[in-house]
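Each residue of the sequence shown is one higher than the one before, starting from 8 at the first, in the numbering used here.
Calculated directly from the structure, the hints in this document are not laboratory data.
Every residue, glycine too, gets a C-beta built ideally from N, C-alpha and C.
Have a look at the derived ranges for each label pair, beta carbon to beta carbon:
(1) H248 - G51: 28 to 34 angstroms
(2) E288 - T341: 34 to 40 angstroms
(3) R230 - E10: 53 to 59 angstroms
(4) D289 - R48: 30 to 36 angstroms
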Amino acid sequence: MSERMIAQFMEMVRIDSESGNEARFIAWLEREFAALGAATRIDGYGNLVAKLPALGGGEGAEPILLSCHADTVQPGVGIEPVLVDGVIRSAGDTILGADDKAGIAEMLEALRTAPVRPPVEIAITRQEEVGLLGVKNLDFGLLSARRGFLLDNDTLDTIVIGGPSYFAIDVTVTGRAAHAGMEPEKGINAIAAAARAIAALELGRLDHETTANVGVIEGGIIRNGVPDRCTFLAECRSLDHEKGRRTADRMEAVIRERVAEAGAEAVVRVDELCRAVAIPEDAETVRIARRALAAVGIEARTTFITGFTDASIYNNRGIEMAVVGIGARDEHATTEHIHVADMERAVGMLVEILRLTASGG
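Taking the hints into account, I'd like the entire structure generated from these sequences.
Below is the structure:
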(Lines of atoms letter the chains of each structure in order from A and count residues from 1; the text may use other names and numbers.)
(Lines give C-alpha, C1' and ligand atoms only; values in the text may rest on other atoms or scores of the structure.)
Protein backbone atom coordinates (compact mmCIF):
# COMPACT_ATOMS: atom_id res chain seq x y z
CA MET A 1 0.00 0.00 0.00
CA SER A 2 2.57 2.57 1.04
CA GLU A 3 4.89 1.89 -1.90
CA ARG A 4 2.12 2.61 -4.42
CA MET A 5 0.91 5.70 -2.54
CA ILE A 6 4.42 7.12 -2.09
CA ALA A 7 5.28 6.56 -5.75
CA GLN A 8 2.09 8.34 -6.77
CA PHE A 9 2.68 11.19 -4.31
CA MET A 10 6.17 11.70 -5.71
CA GLU A 11 4.77 11.73 -9.22
CA MET A 12 2.20 14.36 -8.16
CA VAL A 13 4.67 16.79 -6.64
CA ARG A 14 6.79 16.69 -9.78
CA ILE A 15 3.83 18.18 -11.70
CA ASP A 16 4.08 21.95 -11.30
CA SER A 17 0.86 23.47 -9.95
CA GLU A 18 1.58 26.81 -8.34
CA SER A 19 -1.62 28.83 -7.83
CA GLY A 20 -3.08 29.74 -11.21
CA ASN A 21 -1.10 27.03 -13.01
CA GLU A 22 -3.01 23.93 -11.94
CA ALA A 23 -4.61 22.86 -15.24
CA ARG A 24 -2.08 20.15 -16.14
CA PHE A 25 -2.20 18.65 -12.65
CA ILE A 26 -6.00 18.69 -12.53
CA ALA A 27 -6.14 16.97 -15.93
CA TRP A 28 -3.76 14.32 -14.53
CA LEU A 29 -6.01 13.88 -11.49
CA GLU A 30 -9.09 13.57 -13.66
CA ARG A 31 -7.54 10.54 -15.32
CA GLU A 32 -6.61 9.02 -11.95
CA PHE A 33 -10.13 9.37 -10.55
CA ALA A 34 -11.64 8.06 -13.78
CA ALA A 35 -9.40 4.99 -13.46
CA LEU A 36 -11.05 4.35 -10.08
CA GLY A 37 -14.43 4.30 -11.81
CA ALA A 38 -15.46 7.86 -10.97
CA ALA A 39 -17.62 10.05 -13.16
CA THR A 40 -15.58 13.24 -13.54
CA ARG A 41 -16.29 16.82 -14.49
CA ILE A 42 -14.16 19.96 -14.66
CA ASP A 43 -16.34 22.96 -13.87
CA GLY A 44 -16.23 26.37 -15.49
CA TYR A 45 -13.51 27.62 -13.16
CA GLY A 46 -11.27 24.58 -13.64
CA ASN A 47 -12.08 22.75 -10.41
CA LEU A 48 -12.36 18.96 -10.59
CA VAL A 49 -15.50 17.21 -9.35
CA ALA A 50 -15.64 13.41 -9.29
CA LYS A 51 -18.30 10.99 -8.06
CA LEU A 52 -17.89 7.37 -7.00
CA PRO A 53 -20.73 4.93 -6.28
CA ALA A 54 -21.16 3.22 -2.93
CA LEU A 55 -19.35 -0.02 -2.25
CA GLY A 56 -19.71 -3.00 0.09
CA GLY A 57 -23.18 -2.29 1.39
CA GLY A 58 -23.04 1.49 1.65
CA GLU A 59 -25.58 2.04 -1.12
CA GLY A 60 -28.29 3.37 1.18
CA ALA A 61 -26.07 5.90 2.95
CA GLU A 62 -26.03 9.64 2.33
CA PRO A 63 -23.19 10.81 0.08
CA ILE A 64 -20.16 12.42 1.65
CA LEU A 65 -17.79 15.02 0.20
CA LEU A 66 -14.01 14.66 0.30
CA SER A 67 -12.04 17.73 -0.73
CA CYS A 68 -8.45 18.91 -1.23
CA HIS A 69 -6.83 21.73 -3.19
CA ALA A 70 -4.59 21.24 -6.21
CA ASP A 71 -2.41 24.34 -6.01
CA THR A 72 0.83 24.91 -4.16
CA VAL A 73 2.60 28.03 -2.95
CA GLN A 74 5.84 29.32 -4.42
CA PRO A 75 8.57 28.21 -4.93
CA GLY A 76 6.85 25.18 -6.39
CA VAL A 77 8.34 24.73 -9.87
CA GLY A 78 10.71 21.85 -10.52
CA ILE A 79 10.08 20.01 -7.26
CA GLU A 80 12.22 16.91 -6.87
CA PRO A 81 11.18 14.77 -3.88
CA VAL A 82 13.55 12.49 -2.00
CA LEU A 83 12.72 9.74 0.50
CA VAL A 84 15.27 9.19 3.27
CA ASP A 85 14.65 7.20 6.47
CA GLY A 86 10.89 7.27 6.03
CA VAL A 87 10.67 11.03 5.47
CA ILE A 88 9.93 12.73 2.14
CA ARG A 89 11.49 16.15 1.49
CA SER A 90 12.34 18.36 -1.45
CA ALA A 91 15.82 17.86 -2.84
CA GLY A 92 16.17 21.47 -3.94
CA ASP A 93 15.26 25.03 -3.06
CA THR A 94 11.52 24.44 -3.39
CA ILE A 95 8.63 23.48 -1.20
CA LEU A 96 7.63 19.81 -1.25
CA GLY A 97 3.96 20.31 -2.10
CA ALA A 98 2.65 17.96 0.58
CA ASP A 99 0.17 20.78 1.22
CA ASP A 100 -2.14 19.55 -0.25
CA LYS A 101 -0.89 16.79 -2.55
CA ALA A 102 -0.30 14.45 0.37
CA GLY A 103 -4.01 14.77 1.12
CA ILE A 104 -4.86 13.87 -2.47
CA ALA A 105 -2.49 10.88 -2.45
CA GLU A 106 -4.00 9.65 0.82
CA MET A 107 -7.52 10.12 -0.51
CA LEU A 108 -6.77 8.13 -3.67
CA GLU A 109 -5.20 5.30 -1.68
CA ALA A 110 -8.11 5.15 0.75
CA LEU A 111 -10.60 5.00 -2.11
CA ARG A 112 -8.60 2.17 -3.70
CA THR A 113 -8.39 0.09 -0.55
CA ALA A 114 -11.57 0.75 1.44
CA PRO A 115 -13.84 -2.32 1.30
CA VAL A 116 -16.87 -0.24 2.28
CA ARG A 117 -17.89 3.29 1.38
CA PRO A 118 -20.99 5.43 0.88
CA PRO A 119 -21.51 7.38 -2.34
CA VAL A 120 -18.48 9.70 -2.46
CA GLU A 121 -18.24 13.11 -4.07
CA ILE A 122 -14.79 14.60 -4.55
CA ALA A 123 -13.90 18.25 -5.11
CA ILE A 124 -10.34 19.25 -5.99
CA THR A 125 -10.16 23.04 -6.06
CA ARG A 126 -7.84 25.55 -7.69
CA GLN A 127 -6.20 28.66 -6.24
CA GLU A 128 -6.86 27.90 -2.58
CA GLU A 129 -3.56 29.42 -1.53
CA VAL A 130 -4.36 32.84 -3.00
CA GLY A 131 -7.75 33.47 -1.42
CA LEU A 132 -9.87 30.31 -1.74
CA LEU A 133 -10.72 31.39 -5.27
CA GLY A 134 -11.41 27.89 -6.57
CA VAL A 135 -14.00 26.93 -3.96
CA LYS A 136 -15.58 30.37 -4.15
CA ASN A 137 -16.17 29.74 -7.85
CA LEU A 138 -16.99 26.03 -7.53
CA ASP A 139 -20.13 24.87 -9.30
CA PHE A 140 -22.03 23.76 -6.20
CA GLY A 141 -24.82 22.49 -8.44
CA LEU A 142 -22.58 19.49 -9.14
CA LEU A 143 -22.64 18.46 -5.46
CA SER A 144 -25.40 16.87 -3.42
CA ALA A 145 -23.50 15.91 -0.24
CA ARG A 146 -24.39 17.91 2.89
CA ARG A 147 -21.45 16.68 4.98
CA GLY A 148 -17.83 15.96 4.34
CA PHE A 149 -14.18 16.14 5.24
CA LEU A 150 -11.51 18.55 4.03
CA LEU A 151 -8.05 17.00 3.93
CA ASP A 152 -5.94 20.09 4.59
CA ASN A 153 -4.88 20.17 8.24
CA ASP A 154 -1.28 19.45 9.14
CA THR A 155 -1.43 17.52 12.41
CA LEU A 156 -3.32 14.26 12.62
CA ASP A 157 -4.35 14.78 16.25
CA THR A 158 -6.44 17.91 15.64
CA ILE A 159 -9.77 18.41 13.89
CA VAL A 160 -10.36 21.97 12.75
CA ILE A 161 -13.92 23.10 13.43
CA GLY A 162 -13.66 26.84 12.80
CA GLY A 163 -11.84 29.47 10.79
CA PRO A 164 -11.64 33.25 10.67
CA SER A 165 -13.09 36.12 8.77
CA TYR A 166 -10.29 37.33 6.51
CA PHE A 167 -9.89 40.85 5.16
CA ALA A 168 -7.33 41.73 2.47
CA ILE A 169 -6.29 45.39 2.51
CA ASP A 170 -4.59 46.71 -0.64
CA VAL A 171 -3.14 50.22 -0.45
CA THR A 172 -1.79 52.55 -3.13
CA VAL A 173 -0.07 55.71 -1.89
CA THR A 174 0.46 58.58 -4.35
CA GLY A 175 2.90 61.38 -3.62
CA ARG A 176 4.78 63.70 -5.96
CA ALA A 177 7.98 62.92 -7.87
CA ALA A 178 11.04 65.15 -7.71
CA HIS A 179 14.82 64.97 -8.03
CA ALA A 180 16.12 63.72 -4.70
CA GLY A 181 19.31 65.76 -4.85
CA MET A 182 18.40 68.92 -6.75
CA GLU A 183 14.90 69.74 -5.47
CA PRO A 184 13.63 67.21 -2.91
CA GLU A 185 11.42 69.88 -1.30
CA LYS A 186 9.22 69.79 -4.40
CA GLY A 187 8.43 66.11 -3.88
CA ILE A 188 6.18 64.10 -1.58
CA ASN A 189 7.80 60.78 -0.77
CA ALA A 190 5.21 58.05 -1.20
CA ILE A 191 7.43 55.44 0.46
CA ALA A 192 7.85 57.63 3.53
CA ALA A 193 4.10 58.25 3.69
CA ALA A 194 3.41 54.52 3.44
CA ALA A 195 6.03 53.78 6.09
CA ARG A 196 4.41 56.34 8.39
CA ALA A 197 1.08 54.57 7.99
CA ILE A 198 2.51 51.10 8.49
CA ALA A 199 4.41 52.17 11.62
CA ALA A 200 1.13 53.40 13.12
CA LEU A 201 -0.69 50.09 12.59
CA GLU A 202 -1.08 47.59 15.40
CA LEU A 203 0.27 44.36 13.93
CA GLY A 204 0.82 40.78 15.00
CA ARG A 205 -1.44 38.90 17.40
CA LEU A 206 -3.95 41.45 18.64
CA ASP A 207 -5.79 39.01 20.92
CA HIS A 208 -6.47 35.27 21.17
CA GLU A 209 -8.61 35.27 18.00
CA THR A 210 -7.41 38.26 15.94
CA THR A 211 -4.25 38.99 13.94
CA ALA A 212 -3.05 41.73 11.57
CA ASN A 213 -0.09 41.93 9.20
CA VAL A 214 1.60 43.87 6.42
CA GLY A 215 3.25 41.38 4.10
CA VAL A 216 4.36 43.24 0.95
CA ILE A 217 5.58 46.77 0.20
CA GLU A 218 6.78 48.05 -3.19
CA GLY A 219 7.73 51.52 -4.33
CA GLY A 220 10.18 53.70 -6.18
CA ILE A 221 12.06 53.28 -9.44
CA ILE A 222 15.41 55.02 -8.98
CA ARG A 223 17.64 55.78 -6.03
CA ASN A 224 17.89 59.52 -6.71
CA GLY A 225 14.20 60.19 -7.25
CA VAL A 226 11.56 61.10 -4.68
CA PRO A 227 9.08 58.27 -5.32
CA ASP A 228 5.56 59.29 -6.25
CA ARG A 229 4.02 55.84 -5.79
CA CYS A 230 4.14 53.06 -3.21
CA THR A 231 1.88 50.07 -2.67
CA PHE A 232 1.54 47.70 0.24
CA LEU A 233 -0.58 44.67 1.06
CA ALA A 234 -2.00 44.15 4.52
CA GLU A 235 -4.51 41.79 6.10
CA CYS A 236 -6.41 41.05 9.27
CA ARG A 237 -8.20 37.96 10.52
CA SER A 238 -10.49 37.16 13.40
CA LEU A 239 -12.58 34.24 14.57
CA ASP A 240 -15.19 36.87 15.48
CA HIS A 241 -16.53 38.38 12.27
CA GLU A 242 -17.58 41.73 13.72
CA LYS A 243 -14.26 42.11 15.50
CA GLY A 244 -12.48 41.38 12.22
CA ARG A 245 -14.57 44.00 10.42
CA ARG A 246 -13.82 46.59 13.13
CA THR A 247 -10.10 45.78 12.87
CA ALA A 248 -10.15 46.24 9.10
CA ASP A 249 -12.04 49.53 9.44
CA ARG A 250 -9.57 50.77 12.05
CA MET A 251 -6.59 49.84 9.87
CA GLU A 252 -8.11 51.66 6.90
CA ALA A 253 -8.74 54.78 9.00
CA VAL A 254 -5.17 54.82 10.37
CA ILE A 255 -3.70 54.39 6.89
CA ARG A 256 -5.74 57.23 5.43
CA GLU A 257 -4.97 59.54 8.34
CA ARG A 258 -1.21 58.98 8.41
CA VAL A 259 -0.81 59.17 4.63
CA ALA A 260 -2.76 62.45 4.57
CA GLU A 261 -0.55 63.83 7.34
CA ALA A 262 2.42 63.23 5.04
CA GLY A 263 0.75 65.21 2.26
CA ALA A 264 0.11 62.16 0.09
CA GLU A 265 -3.07 60.42 -1.02
CA ALA A 266 -4.15 56.85 -0.30
CA VAL A 267 -6.47 54.55 -2.20
CA VAL A 268 -7.46 51.72 0.14
CA ARG A 269 -9.32 48.63 -0.99
CA VAL A 270 -10.69 46.24 1.65
CA ASP A 271 -11.97 42.85 0.48
CA GLU A 272 -13.72 40.32 2.71
CA LEU A 273 -12.30 37.06 1.40
CA CYS A 274 -14.08 34.71 3.80
CA ARG A 275 -16.40 34.91 6.79
CA ALA A 276 -15.81 33.32 10.19
CA VAL A 277 -17.59 30.02 10.64
CA ALA A 278 -17.65 27.22 13.19
CA ILE A 279 -19.29 23.83 13.46
CA PRO A 280 -20.26 22.31 16.83
CA GLU A 281 -17.85 20.00 18.64
CA ASP A 282 -20.57 17.35 18.58
CA ALA A 283 -21.28 17.72 14.84
CA GLU A 284 -21.59 14.41 13.02
CA THR A 285 -18.46 14.98 10.93
CA VAL A 286 -16.44 15.78 14.06
CA ARG A 287 -17.77 12.72 15.88
CA ILE A 288 -16.92 10.47 12.93
CA ALA A 289 -13.45 11.98 12.54
CA ARG A 290 -12.72 11.41 16.24
CA ARG A 291 -13.78 7.74 15.99
CA ALA A 292 -11.78 7.22 12.81
CA LEU A 293 -8.65 8.69 14.38
CA ALA A 294 -9.14 6.61 17.51
CA ALA A 295 -9.17 3.53 15.29
CA VAL A 296 -5.59 4.33 14.21
CA GLY A 297 -4.47 5.10 17.76
CA ILE A 298 -4.86 8.89 17.79
CA GLU A 299 -6.81 10.77 20.45
CA ALA A 300 -7.85 13.91 18.59
CA ARG A 301 -8.92 17.29 19.90
CA THR A 302 -10.88 20.01 18.15
CA THR A 303 -9.36 23.39 17.41
CA PHE A 304 -9.98 26.74 15.76
CA ILE A 305 -7.39 28.29 13.45
CA THR A 306 -6.78 31.83 12.23
CA GLY A 307 -5.47 30.40 8.98
CA PHE A 308 -8.17 29.80 6.41
CA THR A 309 -9.21 26.76 4.39
CA ASP A 310 -11.82 25.82 1.82
CA ALA A 311 -13.93 24.57 4.74
CA SER A 312 -14.90 28.16 5.53
CA ILE A 313 -16.66 28.41 2.19
CA TYR A 314 -18.20 24.93 2.33
CA ASN A 315 -19.62 25.55 5.79
CA ASN A 316 -20.96 28.96 4.80
CA ARG A 317 -22.63 27.26 1.82
CA GLY A 318 -24.39 24.75 4.08
CA ILE A 319 -22.07 21.75 3.69
CA GLU A 320 -20.81 20.67 7.12
CA MET A 321 -17.07 20.14 6.71
CA ALA A 322 -14.57 19.10 9.36
CA VAL A 323 -10.89 19.59 8.51
CA VAL A 324 -8.72 16.54 9.16
CA GLY A 325 -4.96 16.12 9.12
CA ILE A 326 -2.69 14.85 6.38
CA GLY A 327 0.62 14.76 8.29
CA ALA A 328 2.47 17.53 6.43
CA ARG A 329 5.03 19.57 8.39
CA ASP A 330 6.62 22.99 7.76
CA GLU A 331 4.11 23.81 5.04
CA HIS A 332 4.88 26.85 2.85
CA ALA A 333 8.62 26.51 3.55
CA THR A 334 11.47 24.86 1.69
CA THR A 335 11.88 22.64 4.78
CA GLU A 336 8.40 21.15 4.21
CA HIS A 337 8.38 17.38 4.74
CA ILE A 338 6.14 14.45 5.58
CA HIS A 339 6.64 11.11 7.32
CA VAL A 340 5.47 8.05 5.43
CA ALA A 341 4.12 6.62 8.69
CA ASP A 342 1.85 9.66 9.09
CA MET A 343 0.58 9.26 5.53
CA GLU A 344 -0.25 5.62 6.26
CA ARG A 345 -2.14 6.59 9.42
CA ALA A 346 -4.04 9.24 7.44
CA VAL A 347 -5.09 6.56 4.94
CA GLY A 348 -6.25 4.37 7.81
CA MET A 349 -8.29 7.25 9.18
CA LEU A 350 -9.94 7.86 5.80
CA VAL A 351 -10.76 4.17 5.31
CA GLU A 352 -12.46 4.21 8.71
CA ILE A 353 -14.32 7.46 7.84
CA LEU A 354 -15.66 5.73 4.74
CA ARG A 355 -16.74 2.72 6.77
CA LEU A 356 -18.45 4.79 9.44
CA THR A 357 -20.27 7.02 6.98
CA ALA A 358 -21.40 4.00 4.97
CA SER A 359 -22.96 2.50 8.10
CA GLY A 360 -24.49 5.71 9.38
CA GLY A 361 -21.74 6.44 11.91
